[in-house]
Amino acid sequence: MAGERGPGCGEMNTDILIEALTKITGVRYTKPDCPAELVEKLAAKIPPRDFAMCPGCPHRASFWAIKTAMAVDDRDGIIAGDIGCYSLGAFTTGFELFDTLHCMGAGPGIACGLGSLAKFGFNKPAVAVVGDSTFYHAAIPGLINARYNGSDFLCVVLDNGATAMTGHQPHPGTGFNAAGDAVEALSIEEVVRGLGIAVEISDPFNIDETAGKIFEMTRVPGVKVLILRQLCALVAARRERKKRRVSVDPERCRGEACGCGRFCTSVWGCPGNIWDSVTGRAKIDEAVCAGCGVCAALCPAGAITVEEVV
Amino acid sequence: MKDPLNIVVTGVGGQGNIMVSEILAKASAAEGFIVTVGESYGLAQRGGAVSSHIRLSREFQYGPVIPAGHADIIVGFEPLEAARAATALGHTEVKVIVNPRPVYPVGVLMGKHAYPDPDDLITDLKEMSAEVLTIESTALAAQAGDPVVQNIVMVGALAGSGFLPVPPETFISVINSVVPEKALEINERAFQLGFSAARGIKGLTTLDTL
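Chains as they are written, first to last, in our numbering: chain R, 30 to 339; chain C, -14 to 195.
Chain R with its partners taken away, still in its complex shape:
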């Protein structure tokens, strides 16, 4: 479709239009710029800035709990993701947790299918991961189908009280309707109980307890729902100033000699955890840290401390 005057399809932008207009009108245009060698020299040094979950994002903790439970379970469980901020669960920053990621509502649908294959000898646990907004919007039909057809899987609802990815629009759990008026929120657990499905609730920041619940629930037959409830870090930051100061004790951090492979920075991947290359020790970026303190619970050397700030 590309013609001499510009592309026939794809994204249009100002620069493409300028080029097309110069060809059509014959008006001369010289783009102001810098010497190409200077631009190239600098551009070559600039690494990409990939998407990441926010500092203090509860999804990171939820993902780690699911990953831990699946590792202990040791049946190579299949995780079906869904659409939201937590879609990053399909990528490096989400520990490449998801095995599938399709359209909204596909997580429970795919898990429902996988959870019906036991009669063919399939013995891997299936887990669907959906957000709270996605739960109301698209997960309920999959749950009804699973309950009615007797599928075995665990649906984890990451309830961060927000439609975070697209800009915090109200959803039926937020207590505000589309007009912004305060209304009675719809309870996820009551909806689930109403479908005749067992439901439990856990705080993802308590990783051990949450991983334990996931492990136990995947071993129970039938469809189950686990709500992991912890407020979106962006909403939490707006509502209140952080109450905890997180820091690394440089005496206790063993640096490269630890054997953890710089867990807090290279694996955990929270922007609040940084590496001090001068001292060879982990460090907390105080300007970024949201104070959730989950990294402190995960540091194998116990070098990260959390202090309540009044």
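The reader is advised that the hints may include incorrect statements.
[As the list claims (entries may be wrong)] Residues from chain R shown here face chain C by an in silico Cβ test under 8 angstroms; the list is partial: (1) Gly39; (2) Thr43; (3) Ile47; (4) Glu48; (5) Ala49; (6) Leu50; (7) Asp62; (8) Arg78; (9) Phe80; (10) Ala81; (11) Thr294; (12) Pro300; (13) Asn302; (14) Ile303.
[Unchecked claim] Here are the in silico distance ranges between beta carbons for each label pair: (15) R:Thr121 x C:Gly185: 39 to 47 angstroms; (16) C:Gly185 x R:Leu215: 53 to 61 angstroms; (17) R:Glu280 x C:Asp102: 27 to 35 angstroms; (18) R:Val335 x C:Leu169: 25 to 33 angstroms; (19) C:Lys111 x R:Met133: 46 to 54 angstroms; (20) C:Gly96 x R:Arg267: 30 to 38 angstroms; (21) C:Lys111 x R:Thr308: 23 to 31 angstroms; (22) C:Thr77 x R:Ala49: 22 to 30 angstroms; (23) C:Glu116 x R:Gly55: 31 to 39 angstroms; (24) R:Ser306 x C:Glu170: 32 to 40 angstroms; (25) C:Thr77 x R:Arg267: 36 to 44 angstroms; (26) R:Gly223 x C:Glu170: 47 to 55 angstroms.
[Said to hold, decoys possible] Below are the PhoX-like pairs computed for lysine-lysine, each with C-alpha atoms no more than 25 angstroms apart in a straight line: (27) C:Lys111 x C:Lys187; (28) R:Lys60 x C:Lys(-13); (29) C:Lys(-13) x C:Lys111; (30) C:Lys11 x C:Lys167; (31) C:Lys(-13) x C:Lys11; (32) R:Lys60 x C:Lys97; (33) R:Lys60 x R:Lys74; (34) C:Lys167 x R:Lys74; (35) R:Lys60 x R:Lys70; (36) C:Lys(-13) x R:Lys74; (37) R:Lys312 x R:Lys272; (38) C:Lys167 x R:Lys272; (39) R:Lys70 x C:Lys167; (40) R:Lys96 x R:Lys153.
Simulated from the structure, these hints should not be mistaken for laboratory data.
Each residue gets a CB set at the ideal place from its N, CA and C atoms; glycine is no exception.
Assemble the complex: chain R is given as a structure, and chain C must be docked to it using the hints.
Using the frame of chain R, we list chain C on its own:
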């Protein structure tokens, strides 16, 4: 003044980029400019780059996107993002105000990519622009009482640089109208620290007229 005057405010999600574009737009509009603002955010909020384009003119309502090579002022809350904006939108006459404190991309934190030496980035920026003011805005914000107000320190620096024909009083009254009431004092301190820092680099006192 060049017309239109094209300003890029660039940084990382969470650094207060959108609030600064609002402040610059309102302050410029209060000075009689026709202002257009374009913002890129969305998923960028998740640790990605956030960039705002603010275009001022006395004559015309310009489109919200600054064409390649047409930025006149780059306000970088982070050195890598200042450099990224300069390579895409800069030209030899661009003026840059940069916070030299890195916010590491997740790929750097995880050890996949290397973060260049910020001093090197700033040296390169100086080579390809008319002027670079390095403002330690995160440190100055901490001095004002909270590192998160580094964005307001940068607004102060822009006001102090004289790059923009908007007097400091206009900025202060706009800041007072957009920040939460309980944070007025800390934001005003942040603005003053940025203002003085830029004036200091330019060899001016806060009393010299712009």
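Here is how each hint holds up against the structure:
1. Gly39: 16 angstroms, violated
2. Thr43: 5 angstroms, holds
3. Ile47: 6 angstroms, holds
4. Glu48: 10 angstroms, violated
5. Ala49: Violated - the Cβ of R:Ala49 stays beyond 8 angstroms from chain C, reaching only about 13 angstroms at its closest.
6. Leu50: Not OK, violated: R:Leu50 not within 8 angstroms of chain C, min 11 angstroms.
7. Asp62: 4 angstroms, holds
8. Arg78: 4 angstroms, holds
9. Phe80: 5 angstroms, holds
10. Ala81: Holds: closest Cβ of chain C sits about 3 angstroms from R:Ala81, inside 8 angstroms.
11. Thr294: 5 angstroms, holds
12. Pro300: Holds, because the Cβ-Cβ distance from R:Pro300 to chain C comes to roughly 6 angstroms (cut-off 8 angstroms).
13. Asn302: 7 angstroms, holds
14. Ile303: Check passed: Cβ of R:Ile303 comes within 6 angstroms of chain C, closer than 8 angstroms.
15. R:Thr121 x C:Gly185: 39 to 47 angstroms: This hint holds: roughly 43 angstroms between Cβ atoms.
16. C:Gly185 x R:Leu215: 53 to 61 angstroms: 57 angstroms, holds
17. R:Glu280 x C:Asp102: 27 to 35 angstroms: Hint holds: Cβ distance 28 angstroms, inside 27 to 35 angstroms.
18. R:Val335 x C:Leu169: 25 to 33 angstroms: About 31 angstroms separates the Cβ atoms of R:Val335 and C:Leu169, which means 25 to 33 angstroms holds.
19. C:Lys111 x R:Met133: 46 to 54 angstroms: 48 angstroms, holds
20. C:Gly96 x R:Arg267: 30 to 38 angstroms: 32 angstroms, holds
21. C:Lys111 x R:Thr308: 23 to 31 angstroms: Holds, since C:Lys111 and R:Thr308 (Cβ atoms, about 30 angstroms apart) stay within the stated range.
22. C:Thr77 x R:Ala49: 22 to 30 angstroms: At roughly 26 angstroms between Cβ atoms, R:Ala49 and C:Thr77 fall inside 22 to 30 angstroms, so the hint holds.
23. C:Glu116 x R:Gly55: 31 to 39 angstroms: 36 angstroms, holds
24. R:Ser306 x C:Glu170: 32 to 40 angstroms: 37 angstroms, holds
25. C:Thr77 x R:Arg267: 36 to 44 angstroms: 41 angstroms, holds
26. R:Gly223 x C:Glu170: 47 to 55 angstroms: 51 angstroms, holds
27. C:Lys111 x C:Lys187: 15 angstroms, holds
28. R:Lys60 x C:Lys(-13): 16 angstroms, holds
29. C:Lys(-13) x C:Lys111: 21 angstroms, holds
30. C:Lys11 x C:Lys167: 21 angstroms, holds
31. C:Lys(-13) x C:Lys11: Status holds; Cα separation ~19 angstroms.
32. R:Lys60 x C:Lys97: Roughly 35 angstroms separates the two Cα atoms, so the pair is violated.
33. R:Lys60 x R:Lys74: 23 angstroms, holds
34. C:Lys167 x R:Lys74: Roughly 41 angstroms separates the two Cα atoms, so the pair is violated.
35. R:Lys60 x R:Lys70: 19 angstroms, holds
36. C:Lys(-13) x R:Lys74: Not OK: C:Lys(-13) and R:Lys74 at ~31 angstroms, beyond 25 angstroms, violated.
37. R:Lys312 x R:Lys272: OK: R:Lys312 and R:Lys272 at ~19 angstroms, within 25 angstroms.
38. C:Lys167 x R:Lys272: The hint holds at about 17 angstroms.
39. R:Lys70 x C:Lys167: 45 angstroms, violated
40. R:Lys96 x R:Lys153: 14 angstroms, holds
In summary, the structure is inconsistent with hints 1, 4, 5, 6, 32, 34, 36, 39 from the numbered list given earlier, while agreeing with the others.
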